[in-house]
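Starting from the given sequences, assemble the full structure and let the hints guide the process.
Same order as they appear, the protein sequences are chains A and B. With positions in the first sequence counted from 1, the corresponding number in the numbering used here is that position plus 2. Going by the numbering used here, 258 is the number at position 277 of the second sequence; the sequence numbering is gapless.
The set of hints was computed from the structure by calculation and includes no laboratory data. Just so it is clear, the structure is predicted and the values come from calculations on it, not from any experiment. Glycine included, every Cβ here is placed at the ideal spot set by N, Cα and C. There's no promise every hint is true.
What the hints assert, rightly or not - To give a feel for the contact side, a few chain B residues facing chain A, derived at Cβ under 10 Å:
no.: 1; residue: 229
no.: 2; residue: 336
no.: 3; residue: 391
What the hints assert, rightly or not - To give an idea of the interface, some chain B residues facing chain A are shown, with a C-beta separation under 10 Å as derived from the structure:
no.: 4; residue: 37
no.: 5; residue: 40
no.: 6; residue: 43
no.: 7; residue: 264
no.: 8; residue: 295
no.: 9; residue: 364
no.: 10; residue: 387
no.: 11; residue: 393
no.: 12; residue: 394
no.: 13; residue: 568
As the list claims (entries may be wrong) - Distance windows between CB atoms, simulated:
no.: 14; chain 1: B; residue 1: 196; chain 2: A; residue 2: 40; range: 35 to 41 Å
no.: 15; chain 1: B; residue 1: 51; chain 2: A; residue 2: 160; range: 22 to 28 Å
no.: 16; chain 1: A; residue 1: 79; chain 2: B; residue 2: 494; range: 40 to 46 Å
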Amino acid sequence: MDETKYGFWFPPDVSTHGVQIDQLIDIVHWFMLILFVGWGTFFVYCLIKYRARPGHTATYFPPKAQFTKVIEVSVIVVEVLLLFGFSTPVWFRYKNHPPAEKDALVVKLVAEQFAWNFHYAGKDGKFGKTSEANMSGDNPLGMDPEDPDGKDDIVTVNQFHFPVNKPVIVQISSKDVIHSFNIPVLRVKQDAVPGARIPVWFQATQPGHFELACAQLCGLGHYRMRADVLIDTPEDYAKWQAENAPPPAEPPTSAAPDNQQPAPQK
Amino acid sequence: MSATTTHGHAAHGGHDAAHGHHELPFWRKYIFSVDHKVIGVQYGVTALVFLFFGFTLMMLLRWQLAYPGQPLPVIGKLLGENAMPGGVMAPEFYNQLGAMHGTIMVFMGIVPLAVGAFGNYVVPLQIGAPDMAFPRINMVSYWAFLPGGLLMLASFFAPGGAANSGWTSYPPLADIATTGQTFWLLAMVLLITSSLLGSINFIVTIVQLRAKGLTFFRLPFFVHAQFVTSFLLLLAFPPLEAAAVMQLMDRLAATSFFLPSGLVISGEPLRVAGGGSPLLWQHLFWFLAHPEVYVLILPAMGIIAEVIANNTRKPLWGYRLLVYSAIFLGFMSFVVWAHHMFMTGMGTTMSTFFQTTTMIISIPSVVILTCFIMSLYGGAIRYTVPMLFATAFLPMFAIGGLTGLPLGLTASDIYLHDTFYVIGHFHYVVAPGTIFALFAGIYYWYPKVTGKQMNQTLGKIHFWLSFLCINGVFMPMFFQGMAGLSRRLYDPTIYVHGRAIQSLNVFISWSAWGLAIAQLPFIWNFFASLRHPKAAENPWQSTTLEWAAPSPPPHGNFTTPPVVYRDPYEYSEPGRSSDFHPQFAREA
Chain A
3 MDETKYGFWF PPDVSTHGVQ IDQLIDIVHW FMLILFVGWG TFFVYCLIKY RARPGHTATY
63 FPPKAQFTKV IEVSVIVVEV LLLFGFSTPV WFRYKNHPPA EKDALVVKLV AEQFAWNFHY
123 AGKDGKFGKT SEANMSGDNP LGMDPEDPDG KDDIVTVNQF HFPVNKPVIV QISSKDVIHS
183 FNIPVLRVKQ DAVPGARIPV WFQATQPGHF ELACAQLCGL GHYRMRADVL IDTPEDYAKW
243 QAENAPPPAE PPTSAAPDNQ QPAPQK
Chain B
-18 MSATTTHGHA AHGGHDAAHG HHELPFWRKY IFSVDHKVIG VQYGVTALVF LFFGFTLMML
42 LRWQLAYPGQ PLPVIGKLLG ENAMPGGVMA PEFYNQLGAM HGTIMVFMGI VPLAVGAFGN
102 YVVPLQIGAP DMAFPRINMV SYWAFLPGGL LMLASFFAPG GAANSGWTSY PPLADIATTG
162 QTFWLLAMVL LITSSLLGSI NFIVTIVQLR AKGLTFFRLP FFVHAQFVTS FLLLLAFPPL
222 EAAAVMQLMD RLAATSFFLP SGLVISGEPL RVAGGGSPLL WQHLFWFLAH PEVYVLILPA
282 MGIIAEVIAN NTRKPLWGYR LLVYSAIFLG FMSFVVWAHH MFMTGMGTTM STFFQTTTMI
342 ISIPSVVILT CFIMSLYGGA IRYTVPMLFA TAFLPMFAIG GLTGLPLGLT ASDIYLHDTF
402 YVIGHFHYVV APGTIFALFA GIYYWYPKVT GKQMNQTLGK IHFWLSFLCI NGVFMPMFFQ
462 GMAGLSRRLY DPTIYVHGRA IQSLNVFISW SAWGLAIAQL PFIWNFFASL RHPKAAENPW
522 QSTTLEWAAP SPPPHGNFTT PPVVYRDPYE YSEPGRSSDF HPQFAREA
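Below, the structure written as structure tokens:
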């Protein structure tokens, strides 16, 4: 990880949609700064000009101040602009127009105290069945050993690999309590709510090694619930996929028939 | 009703005249008292102790944030092997400190101080009433609050320690948490009951017991603020009380209000019926907790209004506008709650609704702030200690309010949600905001309560040190949030973006400890001033009704029932020799 990229302001943005979020945050802060400095100047002026001193008395009648109305109306106008000119369109574009599943890499993510389990469909593009009944320490996702679709699936813990420049859809759920999927450099955050499967998407613009941090208090290990986010070049991703594909006929004890399709090896 | 009031008043006056003849025993007079003033002081002192305790928890927690994993000298050893093995804070204990800090500050510190203490003491005096409408309910309110608070503190001794699921207590985490959470829920039921009893009492008192001539638009703004606050408490707290009981049943009676089917906890399937929704809790919780923000800020604004009018020596600018804004703020506060939940996966229609209401609610806040700043214009500002705190309140509340904007807009909230930016934002509203206003209130009404004036030099030292340190605590948090640092992390240096800005955590911690030292002059002043000589009857030369009563006011408050002749802030009227014209002064 390149520690020099991080400092007292935003971390680098490596997503396609993040620039709009950063832009909105910038604009809002300029607006806040202008209001605060404007108000502050008038405020300090009043504090000095109207301090109690011999010979100075307060004015009983209220000043007729039209400019306060101007300020209030302009605050309303700017807020309406921020709301309907920036925030809502950005949110709608992002939330209502996810990429099609066929064009994207789909990853299922199951959060648990205190780990992130990533489930990739493997070469056949089909996810194996999972169930709570099968869950154990060796099988955190509860993969069904009988399901042929699951034979080539890749399951990783706290290692999130995906290729650069390709849309990624992560379907997020949780086994136990609420966690929150949060990758600052990708400008994504989505709570992992048990009992629900919530999709979130993004597309990375550059390869690199980054971090995923749980953003919702989930227990005593919340702080160390991190995962490595490894954005690979397409070649590296293919290589990783091949290296991590389960070897054919892996569980020797299982009664799997011999005609099972072996996962292709490089 | 007014007949009853007058009668009650005469009866009380009779008691005082008898002096000693009907003297109540000590425990009736000072412990199980029905006098709103004694109850106000009870609330005030208890809440200040709780506030200081809640602050102490945070000072401990700040050690771990500044120096993660290092043993805390001396104190670390004293806290025992469970909490701090070898003097190093355990993650479990860190989470307890965080959850209890939030709970104590909000529910046991600020609300009881702002509403229980100031509301109880000042409202009946400012409306010219001899007491609250239901003195016994008032007593019960305090005696529900105190056991609730003590139960909350006792939870530190429960197996597994105090509640550790955040002050928000989100299930399923809170449903499966250690016994401390059960204590938390039971204590909350008591605290909520206390607030509900209080709120009913305030509403009836303000409606029924106003002095003759005191119409609604002659009420001091503080009373309006307490009035709106009482409605918020009355309408918003019951859903949380219900939710607390539901969570209690989830924990104790194996129900599944907040638990969906198929949970697997540490590899073991959870044996419950399931079918519940974890998000239901969040809706119920924030349906209270957002109006709660205005419960924290409205009484503070009320105090600020009193102090500003008194110290600028002119009527408040836009008094009616202030009142309408406060009422509008109260209404709107019921329809913004889900902006705390933008990241739970809500649809775009709902999020658009809630971000729109959130933008709308910022408008009355802007109006209120504008009125306060315009009130300075044309004044003759006396920089007394209460006024210093009120002056500082304005820009700091503005920072708190403004930084709510990027959090209320869904798109920017994606990045800022659950980061330190949020912590900085709401602390600017309630710490340099509300708590500064409460300090202003304490310095302002201390002569009313005790008949003595606090030392102004010590007060100024207290103010300037606090002002410096509190900004040192909260300002850097915006930068931490911008850098992407999540809140509630036991060790932020695990993350690369946390390591890059760890120096900020060290700076914040030292500022927080400095802030503690800055409170020493206040604590000393608070007690030492009790031995000061008697202050003038109306030391701030104020216009409102509380100064018509002797200081401290006797049982029954006023020697003769006050009558109100004019608006609340008649300062610097042209053509008068004195620059203040009390509401209760009969002459034109």
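Holds or violated: residue 229 (chain B) as interface residue toward chain A, Cβ cutoff 10 Å? This interface hint is violated because 18 Å lies over the 10 Å limit.
Verify the CB-CB distance for residue 79 (chain A) and residue 494 (chain B) against the hinted window 40 to 46 Å. About 44 Å separates the Cβ atoms of residue 79 (chain A) and residue 494 (chain B), which means 40 to 46 Å holds.
Residue 40 (chain B) as an interface hint toward chain A, with CB separation required under 10 Å: At about 20 Å, which exceeds the 10 Å cut-off, the nearest Cβ of chain A leaves the hint on residue 40 (chain B) violated.
Let me know if the C-beta of residue 43 (chain B) comes in closer than 10 Å to any C-beta of chain A, holds or violated. Since the shortest Cβ distance to chain A is 15 Å, the answer is violated.
Quick one, is the residue 264 (chain B) hint okay against chain A at 10 Å, beta carbons? Cβ of residue 264 (chain B) sits 13 Å from chain A, so the hint is violated.
That 35 to 41 Å hint for residue 196 (chain B) and residue 40 (chain A) (C-beta), does it hold up? holds, 37 Å
Minimum Cβ distance from residue 568 (chain B) to chain A below 10 Å? violated, 18 Å
Are residue 391 (chain B) and chain A close enough, Cβ to Cβ, to be under 10 Å, as the hint says? Residue 391 (chain B) check passes; min Cβ-Cβ to chain A is 4 Å, inside 10 Å.
Assessment of proposed distance window 22 to 28 Å (beta carbons of residue 51 (chain B), residue 160 (chain A)): holds, 26 Å
Verify the interface restraint on residue 295 (chain B): the C-beta must sit less than 10 Å from at least one C-beta of chain A. holds, 4 Å
Interface hint outcome for residue 37 (chain B) [beta carbon to chain A under 10 Å]: violated, 21 Å
Grab the minimum C-beta distance from residue 336 (chain B) to chain A and call the hint holds if it beats 10 Å, violated otherwise. holds, 6 Å
Hints 1, 4, 5, 6, 7 and 13 from the earlier list are contradicted by this structure; the remaining hints agree with it.
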